[in-house]
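There are 2 protein chains.
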Amino acid sequence: MSSTYSRLKHVVFGRPLPSERLEHERLNKKTALAVLSSDAISSVAYATDQILFVLGGAIGMAAVSYVLPISAVIVGLLVLVGLSYRQTVFAYPNGGGSYTVAKENLGEMPGLIAGAALLTDYILTVAVSISGGVAAITSAYPGLAPHTVGICSLSIILLATVNLRGVRESGAAFSVPTYAFIVMMLVLLGVGAYRYSSGHELVQLTAALKVDPSLAHKHAGMSPITGFALVYLLLRGFAEGCAAMTGTEAISNGVMAFKAPAQKNAATTLGWMVAILAAFFLGVSFLAQHYQVMPTTSETVLSILGHHVFGGGPLYYALQYTTFAVLVLAANTAFADFPRLAGILANDRFMPRQLAARGDRLAFSNGIIALAAVALLLVWMFKGDTNALVPLYAIGVFVCFTLSQAGMVVHWQTTRDAGWVWKAWLNGIGAIATGLVSVIQLVTKFTTGGWIIAAIIPLIIIVLRKIHKHYTEFAEEIKFSGQSPINPLHHTVIVPVNGITKATSGALVYATTISDEVIAVYIEVDKRDTQRMMEEWDAWDIGVPLEVVPSPYRSILKPLVEFVENLRMVTPGELVTIVVPEIVPKKWWEHLLHNKTALYIRTAFLFKPNVVVTAIPYLVGHAYRLREWMEHDQYIEEDIDAEAAERKGGDSSSAA
Amino acid sequence: MSSTYSRLKHVVFGRPLPSERLEHERLNKKTALAVLSSDAISSVAYATDQILFVLGGAIGMAAVSYVLPISAVIVGLLVLVGLSYRQTVFAYPNGGGSYTVAKENLGEMPGLIAGAALLTDYILTVAVSISGGVAAITSAYPGLAPHTVGICSLSIILLATVNLRGVRESGAAFSVPTYAFIVMMLVLLGVGAYRYSSGHELVQLTAALKVDPSLAHKHAGMSPITGFALVYLLLRGFAEGCAAMTGTEAISNGVMAFKAPAQKNAATTLGWMVAILAAFFLGVSFLAQHYQVMPTTSETVLSILGHHVFGGGPLYYALQYTTFAVLVLAANTAFADFPRLAGILANDRFMPRQLAARGDRLAFSNGIIALAAVALLLVWMFKGDTNALVPLYAIGVFVCFTLSQAGMVVHWQTTRDAGWVWKAWLNGIGAIATGLVSVIQLVTKFTTGGWIIAAIIPLIIIVLRKIHKHYTEFAEEIKFSGQSPINPLHHTVIVPVNGITKATSGALVYATTISDEVIAVYIEVDKRDTQRMMEEWDAWDIGVPLEVVPSPYRSILKPLVEFVENLRMVTPGELVTIVVPEIVPKKWWEHLLHNKTALYIRTAFLFKPNVVVTAIPYLVGHAYRLREWMEHDQYIEEDIDAEAAERKGGDSSSAA
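Chains as they are written, first to last, in this note's numbering: chain X, 99 to 754; chain W, 99 to 754.
Check before you lean on any hint, since a few could be wrong.
Since the list gives no way to pick out one identical chain from another, each pair is judged satisfied if it fits inside one copy or across any two copies.
Calculated lysine-lysine pairs in the DSBU-like style (CA-CA distance at most 35 angstroms, straight line) [claimed, not checked]: (1) K684 <-> K577; (2) K564 <-> K577; (3) K357 <-> K625; (4) K564 <-> K684; (5) K625 <-> K567; (6) K685 <-> K656; (7) K684 <-> K656; (8) K564 <-> K685; (9) K567 <-> K128; (10) K694 <-> K357; (11) K577 <-> K357; (12) K694 <-> K656; (13) K567 <-> K684; (14) K625 <-> K694; (15) K567 <-> K577; (16) K564 <-> K481; (17) K357 <-> K127; (18) K127 <-> K567.
Worth flagging that the hints you see were computed from the coordinates, not collected in a lab.
Bound-form chain X, shown alone (with noise of 0.2 angstroms):
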């Protein structure tokens, strides 16, 4: 059965890799923009969307007017943060993540925040870009819609088992979606600035009938708004298309992955994400303005764009699936970045140390398996919606960018390279920035969702800090300040019987390998059966005393407790072993005809003094003894020789 399972499991998540193999793959440029950009330039499958949807549900179509502006202030931080970031790349060859820079530079609590708010960032990146991605599928099948959390659970689910898998397939392979995908933008975005150019009249297809009749009645119908509530919806718009950011800080955290002159390529880079970024989010936003694009809840704007510009063709459809793939393999990055940082933040001793352990196939298995779990329940609760979803993700991330960029400042402080005070200038003005937007973005989002945000960061803090707690104070108790200590103590051995058995003659043999002095204990539950067992028991004459303690209650475990309390008495300090024979049944449902006496015996002894409990599994109704003494000891002397020669024969694995 065992081999069965794990031939099962070499199939789904391959065979086991030894630990030379974790070398790092060295990525070249072009792989590297496609590996690390993927969630950055995938954020424009949704960003756009989030303005418009904010705006759009106060003042109806009117908010079409508005985009362009809002989203070239947002390329403007980016260029920004971009700028600010480049540094980092040159400052940490080893990967600047938020965490590692904010915790070295600021201390452990800016730390704490940067590494909470990233781990939340990394579960809803797997959760909006699922989502997203999805929705660019439903998008072009409307009647896939009702399955939109199926299909995001299977994505999920499927994603978790390719990672559990290892990285080793990924580079070259992972390029295709992103290049794909900026390709099918650079199409769209050229035939439909074409378009424009030429003054070639709209495809009005269904862009008429997908507009929501109750936005377009407010547009008709409402008041206009003006001054500060006004500027209050422009920020929320502003804070939602922020979006579009997230992902930016991927290559500065994997300046190691990049091909030697590793800083130098990382840069370039970042550039050229940047910029990639900045045009493809200019181009929607434009075009969206210009055909007056209003997403609704079924159907994105990507794909009202592709509706627009393509006429509904295999260009459209072929818009769609790039766009998914972006988004599966921008979900993918986050498998890559939460396990890492789950492992890290364990080798600080911040997580349960099972995060630091790398799996049969090097990947960090569990750290995989938890950010499954909390991306698909949160799936789940917000059923698979992108623009629910979407309010909860960027905060996480600009107080990452803000307390890395700080963190950076100290660094320029504390190092002094050259030209460390504009160096220090540039990332502190971005610090700034960010900050300002951390606090726009907490406030305008506050009640749709920010506040899920502001409650989980520090109670994910306090987790940490308990856990870091915890190891900490079992580090110190357990660390060793004695001399040589390793002095044989005095010890007895009790060996409980209720009969004389195979398992009842094994515990003893056992018992009087480890010690010299044995007491075989007869707990009495039923008067009329003492006689007989003390009688057996002399004829037995093996030379081990049997004590008889009766039990009133007929409880087998207080008489034993206090039968090696009161031994304890007379000789305080006493080293006791309680050797139990353990039944073992061979079948699942013979376990419940046996009491789990050894299991009762274990517990009950676990805090009490000096007293070691040894469970002898007694395998019953297998074909072979495994312990052969159970038996008896003319077996053993017998048949070493023929057992020795068998196992010379060549068969030397003997398990079950």
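Start from chain X and add chain W according to the hints.
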């Protein structure tokens, strides 16, 4: 926490009772009649209903004219079975349950059939009696009808709780419901008969309204049933009415509960019981015929009669309450009988031995809990509907009647007591009659639920035999056949270490205590740590060799298993103990922060030859050490006196 739990347990279930208090409380005839007859006599609350339901469904109100003749036939059968069991009373002074009588005289298989039938019957006694009792209440208060399942469940849980407390408080208290019911039935039948004989007009209170309109319609529009169809219909009515006979065997099972002369007293009481049951059943059927009563799904025959005869006043409510009380008492008898039979079967190794163990309060706790659980399940499945449950009921009872009486025939042939031939004939006629009824029951009720019983009884028998086979083989297998097996073995101890900590040093102290040959094993997951480990080990210099075992695939278990197998290759037959420190944190969530290495190692070696795994619990976060040697040996030597002094000071309990 443990002490809060046991205090709560003592309040609900009572303090533990010593085994001596198991002596039987002997009952006089009056009390015995109340305690042992409640099951039988209470059947009148649902038996007449069943006849009318079956016939009424087919021939409408015409059914009423058949109810008295059918009842008369059943009473004839009842008297025959009563006389037959009177002989069992004298033959089995220690209680002649069907299982015992069938097994002793007919063999194992008939015994098991009787046992399986009895187990199902006891469960159905609880389900039918409780739902019948609740039907008496909902007949009086129709507003409670939607809560039927809830009230039934509550009653069963309450009964189980009372029975887990043990049966000390029985006797007198249990007489009240039975005698109150007998009095109310006498009043009902007396007033009803007086009204009839004095030619009074019927009290047509609500009866006209209560008749199911669909039945009236059937009566009016349907063609009369004749010939074979009528015979079959009457047989079905007869089969359902036989529910009246359930519980008849209770007195012959319980002879040992009577005061001396037990057998004579039991026989007299049996006579009274049969007489009362016969009179009540005939009386109810007579009045039902006279008043043209047709039960509905919401009102029982007894309730309708109560309305007719008493006109709905306090006497009516008294009738309903006493009906409920006597039926609860009837269910209670199953709570004594089922666990006792399960205990007997467990002692005969046909059921799990846990069912033979008496709990704190001397009750067979596991049997009581199992019975309550299955009865609850039945009540939920059948929504507490007596009329749906009864068809399952009498089949098993009649199978038991038949096997028990057939067993008595063999008994008389074997003992050849005075007048054995006549006695054998009487039991034989009883066996044939009840055997015939069993067949009628099975055939006529097969489609309405009888098939469930026909399927479940063989299934139970298969399970019982499988359990028996396991226990028999197990006893055979562990039977000790050697001579004097107590020779100490050669013994190597392996201690997996991952650093020099108190837990490690504790395990090493224990290891050197139980063997002279100790090897510490370090599993190398990361080569960078090995050098440091080896240096620290050499500096420690405790005279235990350290083996470094590389683990290229990062598993802890596999290299350890291979190391031990290699060791055994060199010295076959060698006994190996693996001593593992087991970290036991204080709080539940802290368990998640530590690998369960000790557990994994135990599991990995469970099926490996001649290996014993001993976990040394290391308690983290406790104010004091429970295993002093884990600190360092100095501690033990210095503090033993202090500890002994403290211990003498009265603090002998040291559990956390």
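Tested hints:
For a Cα distance limit of 35 angstroms, the shortest separation of K684 from K577 across copies, 18 angstroms, qualifies, whereas the shortest one inside one copy, 42 angstroms, does not. In this assembly of identical chains, the alpha carbons of K564 and K577 lie at most 35 angstroms apart only when taken from the same copy (20 angstroms versus 53 angstroms across copies). In this assembly of identical chains, the alpha carbons of K357 and K625 lie at most 35 angstroms apart only when taken from different copies (26 angstroms versus 82 angstroms within one copy). Taking the closest pair of Cα atoms, K564 and K684 come within 35 angstroms of each other only across two copies (14 angstroms); inside a single copy the shortest separation is 42 angstroms, beyond that limit.
Proximity of K625 and K567 under a CA criterion of 35 angstroms is satisfied inter-copy only: 28 angstroms between copies versus 53 angstroms inside one chain copy. For the identical chains of this complex, K685 and K656 are neighbours both inside a copy (30 angstroms) and across copies (25 angstroms), given an alpha-carbon limit of 35 angstroms. For the homomeric pair K684 and K656, the shortest alpha-carbon distances inside one copy (30 angstroms) and between copies (23 angstroms) are both at most 35 angstroms. In this homomeric assembly, K564 and K685 come within 35 angstroms of each other (Cα to Cα) only across copies, at 12 angstroms, whereas the closest approach inside a single copy is 42 angstroms.
For the identical chains of this complex, K567 and K128 are neighbours neither inside a copy (44 angstroms) nor across copies (70 angstroms), given an alpha-carbon limit of 35 angstroms. Neither within a single protomer nor between protomers do K694 and K357 lie at most 35 angstroms apart by alpha-carbon distance, with minima of 59 angstroms and 41 angstroms respectively. Taking the shortest alpha-carbon separations for K577 and K357, neither the intra-copy value of 43 angstroms nor the inter-copy value of 70 angstroms comes in at or below 35 angstroms. Taking the shortest alpha-carbon separations for K694 and K656, both the intra-copy value of 15 angstroms and the inter-copy value of 28 angstroms come in at or below 35 angstroms.
For the homomeric pair K567 and K684, the shortest alpha-carbon distance between copies (14 angstroms) is at most 35 angstroms, but the shortest distance inside one copy (43 angstroms) is not. For the identical chains of this complex, K625 and K694 are intra-copy neighbours only, at 23 angstroms inside a copy versus 41 angstroms across copies, given an alpha-carbon limit of 35 angstroms. In this assembly of identical chains, the alpha carbons of K567 and K577 lie at most 35 angstroms apart only when taken from the same copy (15 angstroms versus 53 angstroms across copies). Taking CA atoms no more than 35 angstroms apart as the test, K564 paired with K481 passes inside one copy only; the shortest distance there is 33 angstroms, against 49 angstroms between copies.
Taking the shortest alpha-carbon separations for K357 and K127, only the intra-copy value of 8 angstroms comes in at or below 35 angstroms, while the best inter-copy value is 99 angstroms. When the C-alpha separation of K127 and K567 is checked against a cutoff of 35 angstroms, the pair qualifies neither within a copy, at 42 angstroms, nor between copies, at 71 angstroms.
The earlier numbered hints that this structure contradicts are 9, 10, 11, 18.
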